[in-house]
Amino acid sequence: MLNLKSLISPALFVLVVLINAFSNNVAFANNKLNIFACEPEWALLANELVKDKANIISATYANQNPHFIQAKPSLISAVNKADLLICTGADLEVGWLPLLITKSGNINATIIYTAQHVDLIDKPTEEELDRSHGDVHSMGNPHLHLNPYNMIKVAKAILNILKRIDPENKDFYLQNYDDFVKIFTSQIKNLEDKAKNLQNKNFISHHKDFDYLAQWLNFKIPYYLEEKPGITPSASYLNKLLKNIAPTKIDGIIRSPYSPSQASLFFASKTNIKEFVVPYTKDFDSKNNLIQLYTDIIDTLIKNVG
Amino acid sequence: MLNLDNILIVLPAILFGIVLSLIAIPLGREVVKKGVIFLDIAIAQISVLINMFYLNIFAHSAIDKYSMQALVLFSTIAISLIFYFIEKKSYVDKKYLEPIIGIAYIFSATLATLLLSFNHSSGDAIENIFSGKLLFLTYQELFEISLIYLVLFALIYYNKLQNNLLFYIIFATTISLAMPIVGIYFMFVILIIPALLFINSTKPYFYGVIFSVIAIFIGTLYSLIKDFPSGLIIVVSYIFCSIVYLSIYKILNLKQY
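Chains as they are written, first to last, in the working numbering: chain A, 1 to 306; chain B, 1001 to 1257.
Isolated chain A, as found in the complex:
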């Protein structure tokens, strides 16, 4: 009886597994509003407005590249149950979001693409719009959350949707929005003050993901290590870049936690410019406030370049 005996161990395994099966936390289980954020910054922002009146899940984590994602069962299930999806758009999630939405079969959710509610920088011209130039984001630079003033604009958009899909709690959301705008704005102003000395400094960035930070804090990013966006730079390009930067005083080489380190380390070793990782986003948990992300970023910059 070959088959029966070979079924014993797998059966035992299944039994053990089933015993563990009911021990996991449940995400979208109760009657609250379900919010699915594509990146953790939107989860943090949504949390400022909804507090405990909604369940919030983020599809990606702080150290993860938001362009790519692993297909986990819980993600499909979460999108299926979501009432509201908050994503960046501008082709940031184009590699995985459409598939996820199709597979989840959710036709009722509202989607907010935050890029539609702010002014994007770096909108490419007609000639630049083919992929021979690398991963050009065709609508502009999508890493918009790094300018905190954009978060206020997006918060307004989220508020408007919340008022529509959950009218019962709209006064609560409105109150939270007003509080958020007031407190957040004053916190930002404090951070701007703290970061005064960063103004007009020059940084080299691995990828074009810190441009909105430069816009906010008035520093410059005159060069990028990537020759074409999304593609690791070649040694010959980096050597050429080394010669080009000679007249400019560069204060630091920055990269996000998910960017590869090789190019930055190579460049730093050839130029004696300090290279370091700057936080790009912050994981969502209900204890974190959105402002903490910007505080961390400014602290990191000040610590490394003074």
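One should not assume that every hint holds.
[What the hints assert, rightly or not] Distance condition first, Cα-Cα at most 20 Å in a straight line; then the derived PhoX-like pairs of lysine-lysine:
#1 A/51 / A/201
#2 A/182 / A/153
#3 B/1133 / A/72
#4 A/303 / A/249
#5 A/72 / B/1226
#6 A/303 / A/220
[To be verified] Here are some of the chain B residues that sit facing chain A, going by a computed Cβ distance under 10 Å:
#7 1003
#8 1134
#9 1136
#10 1137
#11 1228
Just so you know, these hints were derived from the structure itself, not from any lab.
Treat the numbers as computed from the prediction; the structure is a model and nothing was measured.
Ideal Cβ positions, reconstructed from N, Cα and C, are used throughout, including at glycine.
Let chain A serve as the given structure and place chain B on it in line with the hints.
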């Protein structure tokens, strides 16, 4: 989490695994008998390379996915026939087939990486090479691919792979269609492991399918509970089930391997 919704989400993946194993068992057996284990990952890698290549060519034009898939399929078959001709040539000693196929695999993997560094529009294709989009499979896609596999299955059943040319064509087709869904690793284990385990068995096809179904089922179950990508966990499950199976045989001293 193990609940009805999640089970419904993974059901197409499980069904696809079963459908794939029905074709893969006889093909894998043939591959193991020929002693060219690397053939499947070589062809898998070649199909990915061809996919990336065409994505580059058609970056500007809107080509529908069926035409694209057909194009990749026929190109993969064409290139895979190189192996057929190499095998046929009498001046190539049979024992050199495996290293030649290994070289072909490395070559196409290298080309794929080079292609990527020139132009990122093929990046999406290579991202899925290892784990595939198994969880994203819809019933529509499952139905379409099952129809084709049904035809292949009929061909295998009535012809039984005696025609070597037909074997290569069916093999390349199976892999080319499955690659975007399951990835290289799953493809490899589903072809090789059941074939290897039941190589001397009296009913290798029957036991092979049962083993595959169990391994896929357990793997999917575990991926649901631990919230991991299913394709990769199923590979682990195959290995785990093999170890369990072989241990039982060792303990019960039933068969020599």
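Interface restraint verdict for residue 1136 of chain B against chain A (beta-carbon cut-off 10 Å): Where the cut-off is 10 Å and the nearest Cβ of chain A is about 5 Å from residue 1136 of chain B, the hint holds.
Agreement of residue 303 of chain A and residue 249 of chain A with the hint, judged by alpha carbon distance not exceeding 20 Å:
Roughly 18 Å separates the two Cα atoms, so the pair holds.
* Has the given pair, residue 1133 of chain B with residue 72 of chain A, been kept, meaning a C-alpha gap of at most 20 Å? -> holds (10 Å)
With a cut-off of 20 Å on the C-alpha distance, tell me whether residue 51 of chain A and residue 201 of chain A pass.
The hint is violated at about 38 Å.
Check your understanding: Do the alpha carbons of residue 303 of chain A and residue 220 of chain A lie within 20 Å of each other, as the hint requires?
Key -> holds (18 Å)
Tell me if the interface restraint on residue 1134 of chain B is satisfied: Cβ within less than 10 Å of some Cβ in chain A. Cβ of residue 1134 of chain B sits 7 Å from chain A, so the hint holds.
*asked:* Less than 10 Å between beta-carbons is the criterion; does residue 1228 of chain B satisfy it with respect to chain A?
replied: holds (7 Å)
Q) Does residue 1226 of chain B lie within 20 Å of residue 72 of chain A when you go C-alpha to C-alpha? A) Distance of about 9 Å is within 20 Å: holds.
Is the interface hint for residue 1137 of chain B satisfied, with its Cβ closer than 10 Å to some Cβ of chain A? Hint on residue 1137 of chain B: holds, closest Cβ of chain A at ~8 Å, below 10 Å.
Please work out if residue 182 of chain A and residue 153 of chain A have their alpha carbons no farther apart than 20 Å. It holds: about 13 Å lies between the C-alpha atoms, which stays within 20 Å.
Given hint residue 1003 of chain B near chain A, where the shortest CB pair must fall under 10 Å = Check passed: Cβ of residue 1003 of chain B comes within 8 Å of chain A, closer than 10 Å.
Hint 1 from the list above is the single one not met by this structure.
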